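> Chain order of the listed sequences is A and B. Our numbering puts the first residue of the first sequence at 5, with every later residue one more than the last. Our numbering puts the first residue of the second sequence at 36, with every later residue one more than the last.
Hints listed in this document are in silico derivations from the structure and should not be mistaken for laboratory results. Keep in mind the model is a prediction, meaning the values are calculated, not measured. By construction, the Cβ of each residue, glycine as well, lies at the ideal position given by its N, Cα and C atoms. Keep in mind that a hint or two might mislead.
To be verified - What the simulated footprint calls covered on chain B by chain A, stretch by stretch (three residues with Cβ under 8 Å from a Cβ of chain A suffice, anywhere in the stretch; the number is not a length):
| no. | stretch |
| --- | --- |
| 1 | 106-119 |
| 2 | 155-161 |
| 3 | 232-239 |
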Amino acid sequence: MTDYNFAYLDEQTKRMIRRAILKALAIPGYQVPFASREMPMPYGWGTGGVQLSAATLTPEDRLKVIDQGADDTTNAVSIRKFFEKTAQVATTTRTPEASVIQTRHRVPEAPLSADQILIYQVPIPEPLRFLEPSEVETRKMHELSEYGLMHVKLYEDIARHGHIATSYAYPVQVEGRYVMDPSPIPKFDNPKLSNCAAIQLFGAGREQRIYALPPHTSVVSLDFEDHPFEPSKADAACALCGDHDSYLDEVITDDAGTRMFVCSDTDHCTARRDAGHGTEDAA
Amino acid sequence: MTPLLDVRNITKSYGARLGCKDVNFTLWPGEVMGVVGESGSGKSTLLGCLAGQLAPDAGEVIFDTRAEGPRDTLLMAEAERRMLARTDWAFVHQNARDGLRMGVSAGGNVGERLMAVGARNYGDIRTRAADWLDRVDIAADRMDDRPGTFSGGMQQRLQIARNLVTGPRLVFMDEPTGGLDVSVQARLLDLMRGLVRQMGLSAVIVTHDLAVVRLLADRLMVMKDGHVVESGLTDQVLDDPQHGYTQLLVSSVLQV
Numbered sequence: 005m006t007d008y009n010f011a012y013l014d015e016q017t018k019r020m021i022r023r024a025i026l027k028a029l030a031i032p033g034y035q036v037p038f039a040s041r042e043m044p045m046p047y048g049w050g051t052g053g054v055q056l057s058a059a060t061l062t063p064e065d066r067l068k069v070i071d072q073g074a075d076d077t078t079n080a081v082s083i084r085k086f087f088e089k090t091a092q093v094a095t096t097t098r099t100p101e102a103s104v105i106q107t108r109h110r111v112p113e114a115p116l117s118a119d120q121i122l123i124y125q126v127p128i129p130e131p132l133r134f135l136e137p138s139e140v141e142t143r144k145m146h147e148l149s150e151y152g153l154m155h156v157k158l159y160e161d162i163a164r165h166g167h168i169a170t171s172y173a174y175p176v177q178v179e180g181r182y183v184m185d186p187s188p189i190p191k192f193d194n195p196k197l198s199n200c201a202a203i204q205l206f207g208a209g210r211e212q213r214i215y216a217l218p219p220h221t222s223v224v225s226l227d228f229e230d231h232p233f234e235p236s237k238a239d240a241a242c243a244l245c246g247d248h249d250s251y252l253d254e255v256i257t258d259d260a261g262t263r264m265f266v267c268s269d270t271d272h273c274t275a276r277r278d279a280g281h282g283t284e285d286a287a
Numbered sequence: 036m037t038p039l040l041d042v043r044n045i046t047k048s049y050g051a052r053l054g055c056k057d058v059n060f061t062l063w064p065g066e067v068m069g070v071v072g073e074s075g076s077g078k079s080t081l082l083g084c085l086a087g088q089l090a091p092d093a094g095e096v097i098f099d100t101r102a103e104g105p106r107d108t109l110l111m112a113e114a115e116r117r118m119l120a121r122t123d124w125a126f127v128h129q130n131a132r133d134g135l136r137m138g139v140s141a142g143g144n145v146g147e148r149l150m151a152v153g154a155r156n157y158g159d160i161r162t163r164a165a166d167w168l169d170r171v172d173i174a175a176d177r178m179d180d181r182p183g184t185f186s187g188g189m190q191q192r193l194q195i196a197r198n199l200v201t202g203p204r205l206v207f208m209d210e211p212t213g214g215l216d217v218s219v220q221a222r223l224l225d226l227m228r229g230l231v232r233q234m235g236l237s238a239v240i241v242t243h244d245l246a247v248v249r250l251l252a253d254r255l256m257v258m259k260d261g262h263v264v265e266s267g268l269t270d271q272v273l274d275d276p277q278h279g280y281t282q283l284l285v286s287s288v289l290q291v
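From just these sequences and the hints, can you work out the full model?
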């Protein structure tokens, strides 16, 4: 054996995953069980996302991999190299040029288009997991659309912190039916899920679940009438490109606690700086 | 008048062992039915069958629903039955830990049923939860504490508040005073008696404590080995027991 099959997985496995994807697209927000395979990386490193990418990639695709917004961190680099080696597909860091984007915990700042697929890595697909430990019971709750418990969690947040303190993996309801975990993206990204032109696929390898949002699906973040959902970000502008509207990372720069805020989406930041934006925009 | 609950020939066995057999009774609005018997007599099995937690082998449980009148709950879709269970019904467990969410504050516990039926205004939910905690004598400053920090009696009162907040019409209670010391029992009984009268609740109370049924129940059924051996008005059954087992039960109560 000298070569890998295209995109590492064998054809039967890819077919099985594609069937799960089609079912997931047909029932937006529903968690479809699938026979998750062992991948050459540990669980928690994106085995679900990698299997989805392997099943959706074609030789003509151009792949982008994001890790917390960045293209140059370990997870992103190694998954990108993995598919360069096993599928020989072209890769890119530019969001508009990519046709398949695998992401860990961020949605790109640039709007997505109809010919793109966004693939999320999901650690825990069950939004009710920490409220109701029994999987039998949570499936029943999904089946019967019994989601009062999800609001109990938000109620507890407000009672304890005075506001909804959940800031990532913020639960959403899809088309008024299934409550879904949007993967641990910051709640700043939640509005981008709704009415998105691209296909969004979610893969949890260890938990063996795939779920999906077809294009232009309505996705509503859960909230209370008197405590409405608010996407939040650091109240600053990017120290490199001066953007006020992108999601920011806080970076500690020395032992004295000096800090700077920079765009979490490195491609967005680079593109803006290439276009001539800079710190003067921040003022 | 239509009975609130009409139970016909409920039978449930666990393999070769009998849970309960051919239990019949009618519960009228505002009435409290006591079910007494020793451990293993089938009273908890009966309660489970009535409340939709166990599937009986045979029989009918006809509940007078608000919208459509009398319906057999055993033939309902599960979604509908679970909806009933969190709106028109309430279930008070013997052990408060079975009926409460221990990881959620007292206010959240009371608010859960409201949110489950669609309440989405935090301020309203909190006001109603505070009102109910007050009605069961839990201090307002304990509202954001978890039930784990409460005493046994408080947990049981919290469980009652959590169940009654949606204004149910039928309450199932399984040994509601079990495991509590007598002074706490007395307060709890006093509270339950008040709530039953004020809200016009109907209730089915399963217990082995004859004092509890004497105080709360209008009518009484005595069960032994899965069968109802005697039934009638509470005072009548307790003061003039006819069946040998009932006589034994009544005479076994310790006099202080």
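> Are at least 3 residues of the stretch 155-161 of chain B within less than 8 Å of chain A when you compare beta carbons?
holds (count 6)
> Count the residues of the stretch 106-119 of chain B with a beta-carbon closer than 8 Å to any beta-carbon of chain A: does the count reach three?
Held - the stretch 106-119 of chain B has 3 residues with a Cβ nearer than 8 Å to chain A, which meets the minimum of three.
> For the stretch 232-239 of chain B, do at least 3 residues have a Cβ located nearer than 8 Å to some Cβ of chain A?
Three-residue rule not met by the stretch 232-239 of chain B, so violated; n is 0.
Of the numbered hints given earlier, the model fails hint 3 alone.
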